[in-house]
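Participant: Please construct the entire structure, taking both the sequences and the accompanying hints into account.
Chains as they are written, first to last, in the working numbering: chain A, 1 to 292; chain B, 1001 to 1265.
Derived by calculation from the structure, the hints in this document are not laboratory data.
Note that the coordinates shown come from a computational prediction; the quantities given were computed from them, not determined experimentally.
Glycine included, C-beta positions come from ideal geometry on N, C-alpha and C.
A few of these clues could be false.
As the list claims (entries may be wrong) - In the DSS-like style, the derived pairs of lysine-lysine whose C-alpha atoms are separated by at most 30 Å in a straight line are:
| no. | chain 1 | residue 1 | chain 2 | residue 2 |
| --- | --- | --- | --- | --- |
| 1 | A | Lys288 | A | Lys273 |
| 2 | A | Lys84 | B | Lys1030 |
| 3 | A | Lys215 | A | Lys84 |
| 4 | A | Lys7 | B | Lys1135 |
| 5 | A | Lys91 | B | Lys1133 |
| 6 | A | Lys84 | B | Lys1135 |
| 7 | B | Lys1168 | B | Lys1055 |
| 8 | B | Lys1105 | A | Lys40 |
| 9 | B | Lys1133 | A | Lys7 |
| 10 | B | Lys1105 | A | Lys91 |
| 11 | B | Lys1180 | B | Lys1192 |
| 12 | A | Lys171 | A | Lys272 |
| 13 | B | Lys1009 | B | Lys1055 |
| 14 | B | Lys1192 | B | Lys1218 |
| 15 | A | Lys84 | B | Lys1094 |
| 16 | A | Lys225 | A | Lys249 |
| 17 | A | Lys91 | B | Lys1030 |
| 18 | B | Lys1054 | B | Lys1085 |
Unchecked claim - Label pairs and their calculated CB-CB ranges:
| no. | chain 1 | residue 1 | chain 2 | residue 2 | range |
| --- | --- | --- | --- | --- | --- |
| 19 | B | Phe1222 | A | Val238 | 50 to 58 Å |
| 20 | B | Phe1198 | A | Tyr265 | 36 to 44 Å |
| 21 | B | Ile1223 | A | Lys40 | 20 to 28 Å |
| 22 | A | Lys248 | B | Lys1180 | 54 to 62 Å |
| 23 | A | Glu77 | B | Gly1051 | 41 to 49 Å |
| 24 | A | Ser11 | B | His1248 | 48 to 56 Å |
| 25 | B | Asn1058 | A | Glu164 | 51 to 59 Å |
| 26 | B | Lys1180 | A | Glu15 | 50 to 58 Å |
| 27 | B | Phe1095 | A | Lys248 | 34 to 42 Å |
| 28 | B | Asn1215 | A | Asp158 | 52 to 60 Å |
| 29 | A | Arg143 | B | Lys1054 | 37 to 45 Å |
Said to hold, decoys possible - From the derived model, a few chain B residues whose C-beta atoms are all more than 10 Å from chain A:
| no. | residue |
| --- | --- |
| 30 | Asn1108 |
| 31 | Glu1183 |
| 32 | Asp1193 |
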Amino acid sequence: MRGLFPKLVKSYLDEGNDLFVLLGDIGVYSFRDIFENYPKNIENLGTIEQSMVGIAAGISLGGTIPIVHTITPFLIERAFEQLKIDFGYQKLRGNFLSVGGAFDYTGLGGTHHCPADVNLIKSIPNFQCIIPGNVKEFEKLFRSTVLNNFPTYIRLSDTSNAHEVDVEFGKATVIKEDGDLVIIAVGDMLDTTLEATKNLPVTVLYFTTLEPFDKDCLQRYFKSKILIVGSFYTGTLVNDVTEALKDKKIIIESIAIPRNFIYKYGTKEELKKYIGLTAEAINNKVNKLLTI
Amino acid sequence: MIEIDKFAKDSIISLNKMRREILEVSTNAKEGHIPSSFSILEIIYTLYGAGILKKTPNMNDRLIFSKGHGSLALYAVLAEVGLIKHEEFHSFCKFDSICGGHPDKTKNKHFETSSGSLGHGLPIAVGLALNFKRKYNSLSPKVFCLIGDQEATEGTTWESLLVASSRKLNNLVCIIDYNKSGERSLPVNNLKDIFKGFGIVVEEVNGHSIPDLYNVLKNSSFIGPTIIIANTIKGYGLPVMENNPEWHHKFPSNDELNQMLKLLK
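Facilitator: So, in structure tokens, the structure goes:
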């Protein structure tokens, strides 16, 4: 996804769109084409994340659409109040693309993890929130939102689903329909979810847009049980589910990231195994839910 | 061209009138920061009343009002120059009012930003100036930003000034309402030298003198990013309030109000 990002932005600049890229000293080399061809539309502002988001707000006030890019926790957690007030409260448009997913930088430790990003962004009213599952989905979702009038967060990750889905911004996609257990599979967790539920009677709804949350789709397919599978803190999206299914009795479970700091390094697969974000864990949970 | 000496002379009456209006509005609402507003009244009135801020079809200078605590002064001046209605000002902090304890960008086009949380305005002003400079170069509108000296301690101030200096934002003018609010926490004695160390043009002015403010504001910018340290007195105009922290967020009784109004006749 990171490879496509600068090319996508350049294609918009080539078409004459007034965009302004702000980099937090991340991915600078990969944006060299834009630095060369559109030097007035890009700045590397270094490590001033809070001010960088504020500066983006000023750029937005001046009629230009900003695109801000740095590592997830520094963009979302460090600059949270600027995202909340400067963009959310003031109703400004802008695009915020993180890199590093929830914990892609496994070797760099917990300071580079950010499983709270979705919860934080979704706490800001009208802030669009997207987790694409692969590069094609990223392109389509970026194109759907980059020029619109809302602030948008897109989480980029180095994990990609092989499974191809024709996603649509703001809509969930029905991957399969069977039985009374609905699985909400989010972004990069789709492949793992499908592997875990092969031949099992479950309905899989694939979500890449988390805000706005597609309540209609969930209401249509809900029967009695829900399992949320995502690379974010456990409990994320529970409020969306309960809001969508008011007055319904729901059995709801999650396979997600436990609310603990992770004091381990290693590979992403090792970390996923350590925290139970695996096909095996999903399979066990699904089998348990199917017996209820 | 404005005759500044005449404007300054005439403004004595206007400033007293606005101070009285601020007192009445704030007392009525039991809300707002009167001394903070009195501290910046001359600055805001010079910007809007003396024609420093260009608001024409061809030039739309901006004021990023980061010092939101002084909102009463902003509303009083906007009402005085006819950009909002006096009735709107007098509805201060009522449920449906456009005028809150801090300005809200979504309520009126003349409130350029929503403020209240400190340290947000200067980065926004830098972003505006950066964008205008690349679009319009020497024909860029000016971007003014008003912050307090206490607010200047926020990390975003220093981050933003690094950008302003590095990118030579000569269309940016940051005015610091230097009423010494920061002295009870983190006093800085050599603020001027510190700013100069950033490669920024620094001016110092009596923040209650309309002619002095006019001269420095009129000639500011297009030489480099500029900081104007406006030496002010918190609560200026009413001896009981001047530099008296008791009044920071306090409202006069009816008797006190009447005495204060008489002093401002």
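Participant: It remains to establish, for every hint, whether it holds in the given structure.
Facilitator: Tested hints:
1. A:Lys288 / A:Lys273: holds, 19 Å
2. A:Lys84 / B:Lys1030: holds, 28 Å
3. A:Lys215 / A:Lys84: Since the Cα atoms of Lys215 of chain A and Lys84 of chain A sit roughly 24 Å apart, the hinted pair holds (cutoff 30 Å).
4. A:Lys7 / B:Lys1135: holds, 23 Å
5. A:Lys91 / B:Lys1133: The given pair, whose Cα atoms are some 24 Å apart, holds under the 30 Å limit.
6. A:Lys84 / B:Lys1135: holds, 27 Å
7. B:Lys1168 / B:Lys1055: holds, 24 Å
8. B:Lys1105 / A:Lys40: Since the Cα atoms of Lys1105 of chain B and Lys40 of chain A sit roughly 28 Å apart, the hinted pair holds (cutoff 30 Å).
9. B:Lys1133 / A:Lys7: holds, 26 Å
10. B:Lys1105 / A:Lys91: OK: Lys1105 of chain B and Lys91 of chain A at ~9 Å, within 30 Å.
11. B:Lys1180 / B:Lys1192: Between Lys1180 of chain B and Lys1192 of chain B the Cα gap is close to 14 Å, so the pair holds against 30 Å.
12. A:Lys171 / A:Lys272: holds, 27 Å
13. B:Lys1009 / B:Lys1055: Holds - the C-alpha atoms of Lys1055 of chain B and Lys1009 of chain B are around 24 Å apart, at most 30 Å.
14. B:Lys1192 / B:Lys1218: Since the Cα atoms of Lys1192 of chain B and Lys1218 of chain B sit roughly 20 Å apart, the hinted pair holds (cutoff 30 Å).
15. A:Lys84 / B:Lys1094: Measuring from Cα to Cα gives roughly 24 Å; hence the hint holds.
16. A:Lys225 / A:Lys249: Holds: Lys225 of chain A and Lys249 of chain A sit about 9 Å apart, inside 30 Å.
17. A:Lys91 / B:Lys1030: Cα-Cα ~29 Å, so holds.
18. B:Lys1054 / B:Lys1085: This hinted pair holds, its Cα atoms lying about 20 Å apart.
19. B:Phe1222 / A:Val238: 50 to 58 Å: holds, 55 Å
20. B:Phe1198 / A:Tyr265: 36 to 44 Å: Given about 39 Å between the Cβ atoms, the range holds.
21. B:Ile1223 / A:Lys40: 20 to 28 Å: holds, 22 Å
22. A:Lys248 / B:Lys1180: 54 to 62 Å: holds, 60 Å
23. A:Glu77 / B:Gly1051: 41 to 49 Å: 44 Å Cβ-Cβ, so the 41 to 49 Å window holds.
24. A:Ser11 / B:His1248: 48 to 56 Å: holds, 53 Å
25. B:Asn1058 / A:Glu164: 51 to 59 Å: Between Asn1058 of chain B and Glu164 of chain A, where Cβ atoms are some 52 Å apart, the hint holds.
26. B:Lys1180 / A:Glu15: 50 to 58 Å: holds, 52 Å
27. B:Phe1095 / A:Lys248: 34 to 42 Å: Holds - the Cβ-Cβ distance for Phe1095 of chain B and Lys248 of chain A, about 36 Å, lies within 34 to 42 Å.
28. B:Asn1215 / A:Asp158: 52 to 60 Å: holds, 58 Å
29. A:Arg143 / B:Lys1054: 37 to 45 Å: This hint holds: roughly 39 Å between Cβ atoms.
30. Asn1108: Label holds. Min Cβ-Cβ 13 Å, cutoff 10 Å.
31. Glu1183: holds, 25 Å
32. Asp1193: With a cut-off of 10 Å, Asp1193 of chain B remains clear of chain A, as the shortest Cβ separation is near 22 Å.
Going down the numbered hints, you'll see the structure goes against none, and every one checks out.
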